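Student: Generate coordinates for the entire structure from the input sequences, incorporating the hints supplied.
The residues making up each chain are set out below.
2 protein chains.
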Amino acid sequence: MKVVEAKILRSLAEAALVRVGAPVEHASLQAEVLLEAELRGVSSHGVLRLPRIISRVVNGVSNARATGQHEWASSAFLVVDGKRGLGPVVAKSAIDALLERAAGTGIAAAAVTNSNHIGMLAWYAEYVASKGYSIVALSTSEALVHPWGSRKAMIGTNPIAIGVPSVNGPFVMDTATSVVSMGEIHDHANRKAKIPAHWALDGNGNPTTDAEAAKNGAIAPFGQAKGYALGLAFELLVSGLAASAIGRDVRGTLDDTNICNKGDLFIVMPGPRRELESYLQAIRGMEPAEGFDAVLIPGERGRACRDRRLREGIPVVSEIYESLLRLAGVPAAA
Amino acid sequence: MKVVEAKILRSLAEAALVRVGAPVEHASLQAEVLLEAELRGVSSHGVLRLPRIISRVVNGVSNARATGQHEWASSAFLVVDGKRGLGPVVAKSAIDALLERAAGTGIAAAAVTNSNHIGMLAWYAEYVASKGYSIVALSTSEALVHPWGSRKAMIGTNPIAIGVPSVNGPFVMDTATSVVSMGEIHDHANRKAKIPAHWALDGNGNPTTDAEAAKNGAIAPFGQAKGYALGLAFELLVSGLAASAIGRDVRGTLDDTNICNKGDLFIVMPGPRRELESYLQAIRGMEPAEGFDAVLIPGERGRACRDRRLREGIPVVSEIYESLLRLAGVPAAA
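Chains H and V supply the protein sequences, listed in that same order.
The first sequence runs 2 to 335 under the working numbering.
The second sequence runs 2 to 335 under the working numbering.
Don't read these hints as lab results, they were simulated from the structure.
Note that the coordinates shown come from a computational prediction; the quantities given were computed from them, not determined experimentally.
Check each hint, because a few of them may be wrong.
To be verified - As a list, the in silico EDC-like pairs of lysine to aspartate or glutamate whose alpha-carbon atoms are at most 20 Å apart: (1) H:K153 - V:D294; (2) V:K216 - V:D257; (3) H:K153 - V:E288; (4) H:K153 - V:E291.
Tutor: Here is the structure:
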C-alpha cells in the first residue's frame, strides 16, 4: 500500500485520461467520481477502475469526447443516447438537464443507454441533493446475481442511490441489491480467505464458502427473496425505460472490448417540504445494540472517512499506483 | 376458518362501509383493495382491517366521503391533502390524475398526506401497470423497525411496490423494508410459536425469539444495514415530499382514534420501451436451487392464489367473518 495525497491521485487520473484524448473537463469529472469513491473508502469504485476506462477509450468502445444526445420524449422524460461517452460525463449532463427541467416540472427523469460505467451512484445523489433536489438513481450491470431459489446468475448487482437534502448536509444512501460485490469476492479470493455462507453459489449452483469457486458462480441477492424482488424490479424498470440490454445480455462494465449496453435511470424530485434533521439527529443519538459502537446514518461513515483521507492521504495498492503513474506518463522515478 | 365466496366477502365489506356513510363508489373501491389482498393470500392487508376502517369513520378521524384536494405544485408534481379520506379512494384519485398528466409529461408524481392506510401497495402497482405505465409506490407507517445497530423502533415498515407492464400481465413486486410484518409477529404470539432469531428485539432492545416479547419491541430491517438504509431513505423521501409525520410521530394506521398523518408517494412513469417477457420467461425456466421447487417471479404466486381463491373461495377466520356480518347488518343466522 502507498498513501497518496488526494490531489495527486486526482491529477494522475486526469492526466491519464487527457493522454488518451479526453477533453480536460471530461477527464476532470471522471477523475473526480473515482477520487470521491477512494475518499469515502469505496475502493471497488475508485482508481482501480481507471486502467479499464483507459483501455476502453483506446479500444474505441468508449468515446471520451461524447456527452450524449438528449431527446425529451415528453416534457419531463428525457431519453439519452450516451454515444459511448464516459459514464460520469453522460450521467452528469443528463442530470444537469433534469435539474434545469425540474425547476419547472417538479419531477423529471432520464433513461440513459449507450453510456459507460458511471461509478459510485452516491456521487450523483450527493450532487443533486446539494442543489436542493431529491433523487432516486438506478443502474444495471452484468448478470452476477442469482434469482432467489435459482442456481445461476441472471440479474445485475443493480444498485440504488437515494439523496435527500437536509440542513447538515444531504442524506445519501447507495447500495447494490446483491449481498456483496463481486469485487469483495475477488478480494477474498486474492487473500485466500473463505467467504461467509450464503454470499454466493459456485459454478454448479451450489452454496460455497470458497471465494475462488464463487468467482465463476453467482452472488446472492441481499435480504433473500425481498432483495431479489427489488433487484429484478430495478432490472425491468431501468432496461424497460432505457431500452437497454437485460440480464445476461449486458456487457461492457467489466471488460474493455464490448460496447457497454447497460442502462441508468435518474429521477429528480423536489427537495423536502418539511424539516428532517431533528429525526436524523434522534437516530444518531440512539443507544447502540449489543456489539455496535454507534447507530450510523448511511453515508456518514464515508463522509468521516473522506475528511480523514483528505488530511492523511488515500491508501492505494502499490501495483495500482504504479499503473496510474504509467498511464499518466509520469517517469517511474517520480 | 370459514371459506367465503369472493363476491360475498366483497359485498359484506361494501355494505359495512355504506352503512357508516361511505358513498357506494368509495365503499366499492375500499372493499376491492381489501378483497384483492385476500385473494392473493395477503390476509394481513385483507378484511381483518375492515373493523378498524369502520371505527375510524364512526370516530370521525376518517371521512369516507372525501377524495382529497389536489394541488399541482408544478406541472408534473402533485401535492394531495387527503382530507382524511379512505386510503384507497385518495390514492386512486391521485394516481388517476398522474396517469392523465403523465400522458403529456412522461413522468408525474404525487405526494399524499392526511389520507388513511392504503392497503396492499401491489394493487396500485398492478392498476398503473395494467394501463401501460410503470410505477414506484412508497408509503410510510408507524415506527416499528429499528435502525440497524440500535435497540428501539424508529422507522416505519415503509413498503415499496414497483409495477412494470409486460405482455403476459404486469410485473408487480411489493415488499416492506422490515424483515417481517408486525402482523406475522402477532400471529406467532397468538399461536404461542417462537419467532426466528434476528426477526425482532424485545422492549429492552435485546434479541428475542419470544413473539409475545417482540410485540412491544422492534422489528429488524430486512437485509440488515442495506434494508435499514432503504427504509430510512423511504422515510425521508416520503415524509419530506409529503410533509407528513416522521418516525415515532406517525399515528393512525394501527389505531382508530388518531388522525392518520403518514405519507404516500406515487411516481408514474412511461411503460417499457423494449420487450421484457422473454427475460421473465427465462427466469421462470431456471433450474431451482436445492430446497426450492421452482424459481418464482414476484407477484405470480399471489396471482395463482387469486385464481384458486376465485374458484374455491377465501378462507377467513370465523371471528372476523362474524364481525363482518355484524358490521354489514346481516342477521347472524344468514
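Student: Each hint: holds or not?
Tutor: For each hint, the structure was consulted:
Restraint check for K153 (chain H) and D294 (chain V): satisfied, since their Cα atoms lie roughly 15 Å apart, inside the 20 Å limit. A C-alpha spacing of about 19 Å is found between K216 (chain V) and D257 (chain V), which places the hinted pair at or below 20 Å, so the restraint holds. Between K153 (chain H) and E288 (chain V) the alpha-carbon distance is near 8 Å, which keeps this suggested pair within the 20 Å criterion. Only pairs whose Cα atoms come within 20 Å are accepted, and K153 (chain H) paired with E291 (chain V) is accepted, the gap being roughly 12 Å.
In summary, this structure violates none of the numbered hints.
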